[in-house]
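From just these sequences and the hints, can you work out the full model?
Listed in order, the protein sequences are those of chains A and B. If you read the first sequence in the working numbering, its first letter stands for residue 3, the second for the next number, and so on. If you read the second sequence in the working numbering, its first letter stands for residue 570, the second for the next number, and so on.
Since the hints were made in silico from the structure, they are not lab data. Certain hints may be false.
Partial chain A-side listing against chain B, Cβ under 10 Å, derived [stated by the list, open to error]: (1) Lys7; (2) Lys11; (3) Leu112.
Beta carbons: idealized from backbone N, C-alpha and C, even for Gly.
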Amino acid sequence: MEILKKYPKLFQWLFLLLVFFGLCFAIDVPETYKFIRGQAEFVKDPNQSTYVFLGKEVRYYAFDVFWRLPPLLGWLPIWINDSLFFLMNEWMPLEFWNEDTQEFKTRPLLLEVSRKLTFFMTFLIELIREILIGGINTIVTFTGWDWISDNPWAELPGLPWTIVTAGAVLLSYHLSGKGLALFAGLTMVYISIFGQWKPSMQTLSFILVAAPLSFIFGLGLGIAAFRNKRVEKALYPILLVMQTMPQYAVLVPAMVLFGVGDHAAVIITMVVAIPPMILLTILGLRAVPPEVIEAGKMSGCNNWQLMFKVLIPTARRDILIGVNQVIMVCFSMAVISAFIAAKGLGYNLLLALNRLDIGLALEAGLCISLIAILLDKMSLAWANKQEDYFGNLTFIQRNKNILFFVGTVIVGILLAYIGTYLFKGTHNYLFEVPHNKGISTADFWNRGVDWIFDTFFVYIKAFNTWLIQDVLQPMRALYLRMPAIATIVLVVGAGYLIGGIRSALIVCGLTLFIALSPWWDRALVTTYMATFGVIVSCTIGFIVGTLSFQNKHSASFMLGVCDIFQTFPSFVYLIPVMMLFGITDTSVLIAVIVYATIPATRYTIEGLRSVPAGLHDAATMSGVNKFQRLTKIEFPLAFPHMMLGINQTIVFALFMVIIGAFIGTEDLGQYILKALSDKNGAGIGLTLGVCVAFIALIFDNLIRSWVEKRKKHLGIA
Amino acid sequence: MSKENYLNKLKELPQDLRQFIGLILITLIIILSFTILNGLFGQGDDLVKRMKLEEERIAEEKKLSALISKLPSGILVTFDGTDHHKLTDEIYEQVCKATKLIPQRAIMGANFLNHRAHEIYTINGNKIDETFVKWDQEKGRCFAGFTVSGNNVGVDESITVSGEALSFLSTGIDTRVYFIKNF
Numbered sequence: 003m004e005i006l007k008k009y010p011k012l013f014q015w016l017f018l019l020l021v022f023f024g025l026c027f028a029i030d031v032p033e034t035y036k037f038i039r040g041q042a043e044f045v046k047d048p049n050q051s052t053y054v055f056l057g058k059e060v061r062y063y064a065f066d067v068f069w070r071l072p073p074l075l076g077w078l079p080i081w082i083n084d085s086l087f088f089l090m091n092e093w094m095p096l097e098f099w100n101e102d103t104q105e106f107k108t109r110p111l112l113l114e115v116s117r118k119l120t121f122f123m124t125f126l127i128e129l130i131r132e133i134l135i136g137g138i139n140t141i142v143t144f145t146g147w148d149w150i151s152d153n154p155w156a157e158l159p160g161l162p163w164t165i166v167t168a169g170a171v172l173l174s175y176h177l178s179g180k181g182l183a184l185f186a187g188l189t190m191v192y193i194s195i196f197g198q199w200k201p202s203m204q205t206l207s208f209i210l211v212a213a214p215l216s217f218i219f220g221l222g223l224g225i226a227a228f229r230n231k232r233v234e235k236a237l238y239p240i241l242l243v244m245q246t247m248p249q250y251a252v253l254v255p256a257m258v259l260f261g262v263g264d265h266a267a268v269i270i271t272m273v274v275a276i277p278p279m280i281l282l283t284i285l286g287l288r289a290v291p292p293e294v295i296e297a298g299k300m301s302g303c304n305n306w307q308l309m310f311k312v313l314i315p316t317a318r319r320d321i322l323i324g325v326n327q328v329i330m331v332c333f334s335m336a337v338i339s340a341f342i343a344a345k346g347l348g349y350n351l352l353l354a355l356n357r358l359d360i361g362l363a364l365e366a367g368l369c370i371s372l373i374a375i376l377l378d379k380m381s382l383a384w385a386n387k388q389e390d391y392f393g394n395l396t397f398i399q400r401n402k403n404i405l406f407f408v409g410t411v412i413v414g415i416l417l418a419y420i421g422t423y424l425f426k427g428t429h430n431y432l433f434e435v436p437h438n439k440g441i442s443t444a445d446f447w448n449r450g451v452d453w454i455f456d457t458f459f460v461y462i463k464a465f466n467t468w469l470i471q472d473v474l475q476p477m478r479a480l481y482l483r484m485p486a487i488a489t490i491v492l493v494v495g496a497g498y499l500i501g502g503i504r505s506a507l508i509v510c511g512l513t514l515f516i517a518l519s520p521w522w523d524r525a526l527v528t529t530y531m532a533t534f535g536v537i538v539s540c541t542i543g544f545i546v547g548t549l550s551f552q553n554k555h556s557a558s559f560m561l562g563v564c565d566i567f568q569t570f571p572s573f574v575y576l577i578p579v580m581m582l583f584g585i586t587d588t589s590v591l592i593a594v595i596v597y598a599t600i601p602a603t604r605y606t607i608e609g610l611r612s613v614p615a616g617l618h619d620a621a622t623m624s625g626v627n628k629f630q631r632l633t634k635i636e637f638p639l640a641f642p643h644m645m646l647g648i649n650q651t652i653v654f655a656l657f658m659v660i661i662g663a664f665i666g667t668e669d670l671g672q673y674i675l676k677a678l679s680d681k682n683g684a685g686i687g688l689t690l691g692v693c694v695a696f697i698a699l700i701f702d703n704l705i706r707s708w709v710e711k712r713k714k715h716l717g718i719a
Numbered sequence: 570m571s572k573e574n575y576l577n578k579l580k581e582l583p584q585d586l587r588q589f590i591g592l593i594l595i596t597l598i599i600i601l602s603f604t605i606l607n608g609l610f611g612q613g614d615d616l617v618k619r620m621k622l623e624e625e626r627i628a629e630e631k632k633l634s635a636l637i638s639k640l641p642s643g644i645l646v647t648f649d650g651t652d653h654h655k656l657t658d659e660i661y662e663q664v665c666k667a668t669k670l671i672p673q674r675a676i677m678g679a680n681f682l683n684h685r686a687h688e689i690y691t692i693n694g695n696k697i698d699e700t701f702v703k704w705d706q707e708k709g710r711c712f713a714g715f716t717v718s719g720n721n722v723g724v725d726e727s728i729t730v731s732g733e734a735l736s737f738l739s740t741g742i743d744t745r746v747y748f749i750k751n752f
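In structure tokens form, the structure reads like this:
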């Protein structure tokens, strides 16, 4: 009894685990249960049970409910599909004037809106794309094909790569100085001479449309949420789900509404990029000191002036960090959108990966990563840059960058003109290096991959076999062996012990949604893969983070490395692992580990850094050695912060597991991928996305509740 | 009053003990909810039986399709005296059980000796209502047949033609009745 009184929490957890394992052992696997014939397989089988809800028939394999819950939410994807179909094809038919046929035509409102939006987005993308690489579509929009054939001079020529490069260098110099300018120059030259100019500019045009629009909408909604609690409350759950929902899943309904192509990709990128912008806008506006607001009010500002002359300029840094996040999300989506035929580097990367041409994929991936790092650094520099107001400068001093740029434009045009003579009868390399005419290292990399396989095949295969047979398969079997009731008792009990009844109810709701969907088994597989990744990532992250923390320079270096790795679009991580491990589950898991180690390392270092210096001194004075200080003081105090790292690690791992479906896993991601090529896939894709988001939110809720409690306990809340 | 007393007593309990009681209650509520749901949706033994039957059927089908894939392509006859592939009694039974299709050629051949069936078959636009291939355990013979009716053209008459399936056509993927002896 004394022990019970001394360690009450321990006994509560022991009781929970006892119940969990008791249920696991008490409930046998039904004789009829087979994973491959699980609930998610939409095949007709005379043994399936059926129920009808909202007029929709749902077929499923009925097991003992303690083992697997019936998919009572099986109607949801069907209902979403039907609703989308109804909205797009039948809802509110109105008469619209058709320019081509010169007559009114009846068309459903949403279809018309989607067409108009599609047209507008396509126009914007084409406009920017043609400014960068030339074309005639924009002119044709305003004139016509006949006119352009009569006036071929009107075709937009595009900008020579030298001018864009000079623009990037000057802008980088203006924002951050020589270092970034040099990096910008090298990146642009690399892109050009490696023949990736055109796809890079296609990707850039996509981002130049998606990012500003996301910024405008995000800022607008952020302001609305800041000013109105109701708006904030309405937005909050959507933001939470959107931040944890895999981007793949959002592609599917977008395809139904907007079709495939760049326009659909831009719209869906906005959907994904707006939530972080909203959150950072709210965060920035909330952080404005009340004195500043008071001063604004006392100066006689009306609401509008207070917002745009006081609050937003004061919250400028946070808002610009939001812009940085928007750009990063846009980049990540630029690659994923290749699945819905968005042109650019992502498309080339996807094609190369499909052909298993690792060399080409690496080249495209490197370009994407370099541009992502460049834009990340530029936007961060913009966020950190303080506006200087020097009224006494001359015109030339004030506008030297613009004047420089004008100069480089003239020089660029001249160079391009000279190029027409220099490269007569061939491609004008001073204007653009064509896609297939640049330097290519693809062969070198491909030979490297072959060499790796030839040399290390035995070892790689042995490692693969060991990992799959001795680690992954048993772990997967253990997860699938968990009866639904045991899992729910464990999750809800953990929620209750960590965050009280409210937390228990939230995680119960989230878990039930997944358990009642037709994809519980697949969700278990997703969780097993993510868990494996998280365990390994956290172990590596904690060790690397702790070791790096021992030295100031190594900690800064490691944070810099994390920064760079974090800017890589997630898809890029698949390239090196496919090079080494081929198309296996091992590849996915190693990509998950590499990707998810970044937040684990970062938060470990930041957590350890957040321990007050005073405590270090106090500890040293008390005579503790380095190890004791680390284990007795720094780790306990940094642990809440490190746990937030685990939270991020879980989200990163889940994202990567879903992307790993491209290689061929059998988790929820595989079904999302399948939904992309299914005309009725919108409902399935969206429901699956919500399931993945809910897995992340369950962990998020548990970890955040624990962190808050722990911080209060330690007095650092 | 007594309720209040109980509540007060509960509130007076240590926090950890209350949490422990709460945990037990939550566990019980979940188990109880699952028990109720199991009563509503669980199909236990009945499902096991049905699934087992289904699995047996699938296994049988797999066995038969393995047999069919081994058979030579072409016409398989069940008796001696022709140049075609002959079937042993055992394989004859297995092929009979595996065969589902009766092609038009076999139907027209059987109709040739049933004048009325032929007439109805001609006027109804060559439609067959149903076909069957059955193994007669007692006689050790395979019987195939079909039903023609004139319902779709206003003739209220339906005729079932059946006979012994004497030969089969093996396509390599499936087997079909090649000749029905209805005389």
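Hints and how they fare:
1. The beta carbon of Lys7 of chain A comes within 8 Å of a beta carbon in chain B, closer than 10 Å, and the hint placing it at the interface holds.
2. Residue-level restraint check for Lys11 of chain A holds (minimum Cβ-Cβ distance to chain B is 7 Å; threshold 10 Å).
3. With its C-beta approaching chain B no nearer than about 37 Å, Leu112 of chain A sits outside the 10 Å limit, and its interface hint is violated.
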